[in-house]
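> Residue numbers (this note's numbering), protein chains in the order written: chain A, 1 to 766; chain B, 767 to 926.
Wrong hints could be hidden among the right ones.
With the Cβ distance kept under 8 angstroms, some of the chain B side facing chain A (calculated, not the full set) [stated by the list, open to error]:
1) F784
2) R789
3) G804
4) C809
5) V844
6) L861
7) C871
8) P873
9) K910
10) E920
Per the computed footprint, the stretches of chain B lying under chain A, defined by three or more beta-carbons under 8 angstroms from a beta-carbon of chain A, are [what the hints assert, rightly or not]:
11) 813-827
12) 894-903
Rather than coming from a laboratory, the hints here were simulated on the basis of the structure. Here the structure is a predicted model, which means the values were calculated and not measured. No residue lacks a Cβ here, since even glycine has one placed at the ideal position from N, Cα and C.
So the chains spell out like this:
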Amino acid sequence: MSENFNHAQIIKDPEDNYKILGTRPVRHDGVDKVTGRAVYANDVQLQGLVEAAILRSPEAHARILSIDTSEAEAHPGVLAVTTSADFPDLGDKVANLGEGPVNLAHLAANCLAKDKVLYKGHAVAAVAAQNVHIAREALDLIKVEYEPLPVITDALEAMKDGAPLLHEGLLTNLVPGGGKAETPSNVSDHHHFKRGDTEAAFEAAHIVVEREFTTQTVHQGYIEPHAATAHWNQDGQLTVWASTQGSFSAREQTSEVLQVPISKVKVIPCEIGGGFGGKIPVYLEPVAAVLSRKCGRPVKIQMTRDGVFEGTGPTPASFMRIKLGVDETGKMTAGEAWLAYDTGAFPGGVIGPGVMCVFSCYDIEHANIDGYDVCVNKPWTKAYRAPGSTHVAYAIESVVDELAEKLEMDPIDLRLLNAAREGTKRVDGPVYPRIGLIETLEAAKNHDHYKSPLEGPNRGRGVAAGFWFNIGLKSAATAHVNADGTVTLLEGSTDIGGTRTSISMQLAETLGIAAEDINPKVADTDSVGYTDITGGSRVTFATGLAAVEVGKDIISQMKGRAAKLWECEAADVEFSDGVFSQEDNSISFKELCAKLNTTGGLITARASVDPQGFTNGFGVHICDLEVDVETGKVQILRYTALQDAGKAIHPSYVEGQMQGGSVQGIGWALNEEYLFDEKGHMLNPTMLDYRMPTALDVPMIDTVIIEVPNPSHPFGVRGVGETPIVPPPGAIANAVKNATGIRMTDLPMSPPRVHSAIMENGNGTS
Amino acid sequence: MGKKIHVSTTINGEAVEFLCEARQSFLEVLRDTLTLTGAKEGCNNGNCGACTVLMNGVPVDSCLVLAVEADGAEFETVESIATEEHLHPLQECFLEGAALQCGICTPGFLVSAKALLDNQPEPTEEEIRFELSGNLCRCTGYDKIVRAVQTASERMKEVK
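Here chain B stands alone, though its shape is the one from the complex (with noise of 0.2 angstroms):
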């Protein structure tokens, strides 16, 4: 099993450190050791997209991210998509359009729909559909969340 590694790194803009064994992944840590439990293990193998973060700005499945890889990354993850006061635009749309039921896949598509709307804030059906195959649901048929998206994407061009 060997020591445990340090590891330096930044999750949800605050400076965070943690020892790991070399086996575990970034997901195994971010719940098990930081508690931060928002990411779901549906699959452990990348197929499911249910522990979704971003990875300096970019969606990856945090069940294929060694944690040693975290040193020296920045993290945001579905505990940081609200503010101290107000759910994100998508997080109301998931909850006023009903896009979610069991909503243990939640957490990986607002994550994954964030980062689209952060790089295309108007994205079409088929661009939506396209970037959210990574993720599982089984419960919705998408079609809900797909709405939901569309229309935090509204919301969003109105506010600016």
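Okay, chain A solo, but in the shape it has when bound (with noise of 0.2 angstroms):
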């Protein structure tokens, strides 16, 4: 497979000898793919099938003073209504959903409004008809009626006293050590860490720099929709077929938002056009179940692009106010960072990881960071990859190139003298064990796209590093081997990306088989262990292990039924490369599986994992652009993202992972964000006016994978999924400035912006 699919550049573990692990394979549901074949979940088609339309708030603020469903109820073809009243009453209970505490309350009023609507484009009420068009006409006739409030789509103004209260009772939670507030604010979190005099240091440093930055609310972008389908059978038994990241996670959501028993749903998960982090979150389903219960039919909604935009949950709009200061040899002495994001419309956001985030790349002994989640009158944010890890990202990579420029020092070498290493202590706490950023540096440093000139007016050069975390959860695999020597593997883990691919791999290894030889299933919550969500970079990395698990539990059981065979003890039969052996004898695991049916019949095997130990993966980016001074517009010319992956299970797809995080990074730096109007109304809720970008307007993204084994797991595994989203914005201003000797310090860096920075600037004419 050499032809033109230019693979990366691997900078490889010495040790590492493996035969299935760094190959690949093409995916298991390849073909699937690529002949339309794959069900995704509005390709379900079921018996009796009717389709819902949801009814979405014209305001992004107000009290809902009444709803009438009659006239649309009465509507031909409409089989059932839907509105918040057939919830049931949740209290303030909390719940973990697998990534935190979530407040059952605002999860179903988040499905459908109950006494206010917060955020245009508010669920309000469904319908369900016999097509999703009668649907859309019942919409119509459903009476409203909406008591307007103040509405407020700023952090910082949520902030301020007197605001208008999203949520009249709301008390900041205090992070760490627990608490709350004592007067109601818009204010959901407070994370605090400090550590060290920064006043001293910032006295006695050489040089300071401060600097305010603002971002904009970002989507996801997956180009799915979200898409359920809910049977509520008249057993009492639920079947619920998602785009979920989690079957687990949206089992759990459903059966709490609706108050049934977890052992009376079942979420199929079907295949997933893309998350990101935004398919966590129930919106559909417990809507769709029950519509299904009123009349008796399975019933689907698929979101309109439009209510993806507005009704689901973006990454939030952030300040972030850094200062930084370095001793004469660079060295970073004291850190600030004053930090706020919107959450939208209810409490618990992502400021916990951009806390944890903003100097995690850094070894700075002074430091005091305040990050605060803020309530407004926008979607309710969400997860997207590297959660609250980008914003920090560009505002601290901006200042430390500012740093170098000023100290008049190479940006790489000043990374590298301050880069977090093995033992290094973040702010918030944990010790690193052995990571890559050094290697990660040293690479970029010693890469040809560094080491080439650029020449030509107006164009810069930038690089930027970024951090994320791997988490470790829940996973669990059940393996099934089979007389012809495939093994059947079942798992919980929905595939965003070629994951079976990667866990088959683990497993194949485990077993000196070819992975063509595993047979991978991603299994509904019947059907397999509990397993977390697909997220936190954890599924190679966690799922990975289970698979590993059960490879060993395998070659235990056919030790035995070697041993059956040779009529001598389990113990004495030895497992190398895929061969069973005790003194003369020998059998291939093909040959033993022949065997299995008349030796004890077929073997099963099975795995639920916990790993606890986390991980963390760093990258860094190189950045080659052109600004047009007259519209402003950049052009990127050469981009190159450089990772410890730990070891790359299937390199194409880590590879893949670096470049889709990169442009969705590059997206987001030069062009992506929601536009608001005073009302709160977003004003490009199509992806033509959002204008994620096109295969236009990016060039190839060259990859370099730096393989630091990760000491927690057996083959060195670390997650790659989310860190490559994070350098881009830092890398863009970075070049950006070296371009023009303007610092954007506001996303996007979009033709207006940048234009209107460059006429500010007096720079226009060049």
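Mind docking these for me? Both chains are given alone in their own frames, and the hints should help you get the complex.
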């Protein structure tokens, strides 16, 4: 497979001598996905299936005085209408749904508004009908009486004393340490970490740079709209077909919102057309379920695209103030960060990881961090690929670049001098295990891209680093060994980007067989052990670990069968390279499979894991660009992403994560934003107007994979999915600065913004 | 709503008849009535290209074609790209080159790329990017898609 596929440069660990890991087999679900046969949530067809549509609020903040659904119910072809009145009263119950605590009343009120609508596009009612056109006709017949309330969309405004409150009794959570603020406000969480004496350290610093940055609301932009089908059978069993990043999480959320026993809910995960964090919460599942209970038929809902933009969780806008001090050598001595993210309509945003990530790449002795999650009248923000990290990386990497300039130091050298390494303690507490930031920075410095001269007017080069965690969480897998030497693998991680294959390869490596001899299936919640969400860069790491454990169980059971054949003790049978042996006896994995039926039957193995050791992924990006000073348009000329992957199980899909994340970051840096009017209405809820990058907007994305094995995984795997979105805005801002002399402190660096910055700086006539 | 309308068309070489409402898109009929669910709905307003099909040899967003407009036309969908036994070189290259992650945009890209190579067997990178710019992908960053099309173009040249 040479041809033109242009594989990444891989800087391998010298100990590495794997047979399967590091190869590039065709993904197991591939043929279905290139022939149109793969079944996504909106492809589900069932006997008696009907379709539903959602009524969304035209107001960004209003009290609901009344909802009259009688005309809609009487409309020919309508089968059921629902509002939040059909949901049970959940009080203030909080449940842990895999990614931390969730207030169930908020979750339910986001699916269907209860007393108030809190953002334009907030779901208010839903109609099931013979087809979606009839359902939409009926939406127009629902009469909702609103009492408009003051609208607030900016986090800093919402933090001010006397600002209109979204949630009247909301008391700020104080993190760490617990406790709550005494007076209600729109601030849902305040995180504060401090170490050392920042005041004295800034006083003593050689150079101090302080800057303010803003970013706007951006959406994950998955191409598949949310879709769900529910069938509430007469026996009380609820089956849900969903596009979800976590079938077990969707099951828990649905069961909690509806207050039905979890055993009565089965979630069948369909193929998922992108998620990036946005398909963790439920929006449609409980609504489709209630409609199904009312009309006795399976109900399918697919969101419209404007429904996706306005009604699902994008990632927050932010305000950030960063102050960083260095001594004469460039050593960072003091750092301060003040961060406010808008959480949107309900409490519980991503300021937590923002706070943890802001200084995560560097070793800074004295530091002070304050971070606020603030409720505003915008959609309830959710995770988006390394949630909260891209914002702060843009800010800190810009400040680091400015310091390098003032120190007259190479920006990579400055980062190398201060880079986090094994033993570095992050400001919020954790101490890093073996990490690969230094190796990644060194690889960037030695890369042909960084060493090549960049010439021409209005061109610039920028670099930036980025960090994201890999969470562990729970995963399970079950395997059935077949008589023909193949293994059927059931796992619970919905596959968004080729993880069936990266998990199968780890089982194949363990068993010494070909990746193609594993037949992976993503199973439903009744058919596989509990598995947390596909997110947190965890699937190849944690579900992969479950597959390795399954492999060990298979080997152990098969040693028993070999012992039976050879009339010896199982403990005397050895296994290596896919062959079982004992003294002069030996038999291959495949040959022994053929004898399983006559030595006690075919074998099933299973494993559930809950790995505790979190790991870390670091990336460094290099970007060359040219600014059109007449229009403000930025064209990326060359882009290289480097990342420590621990061990790249399937390098093509690691490259794919790096390339895809980079381009999402480029979109965020250069063009994407929610535009709101003063009423809190989104002005650009279409893909054309939101304007994500197209093939024509970006160059090839070169990749370098660095392999510094993760000590807490048997094959050294680190999660790779999220880190690549983190560095681009910083790298691009630094390149724009080098191209134009202007430091862009507001995202996106869209043509109008760049153009006016050029005009303001009197640099518009080159 | 009125009476349903009778439409005679050709899809993937087969004569097909269906009844539809005037307000239905061709995409809707393709997916819901004819169960050809390879074409995907990503936006329903012609922005994303996930529903791309060939109409009389020209790539179109099937969400922007009214079902009644299908009368007398000839369509090719993603379901027709492979033969009974073999994948098309584009499909092979998408798989070997890992040019898909979630796969929802893949049918649209394959149809657009096939139309491109049918008309211009040796496109430049710029031409590929231009011709595919009506298809959005959020997972891959396009690199591997462009390379898969380039590689398929080379393979198809070798076969000739």
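> Are the hints correct? Go through all of them and say.
Cross-check of the supplied hints:
no.	hint	result
1	F784	violated, 15 angstroms
2	R789	holds, 6 angstroms
3	G804	holds, 2 angstroms
4	C809	holds, 4 angstroms
5	V844	holds, 4 angstroms
6	L861	holds, 4 angstroms
7	C871	holds, 5 angstroms
8	P873	holds, 5 angstroms
9	K910	holds, 6 angstroms
10	E920	holds, 7 angstroms
11	813-827	holds (count 3)
12	894-903	holds (count 9)
Violation of the numbered hints given earlier is confined to hint 1; every other hint is satisfied by the structure.
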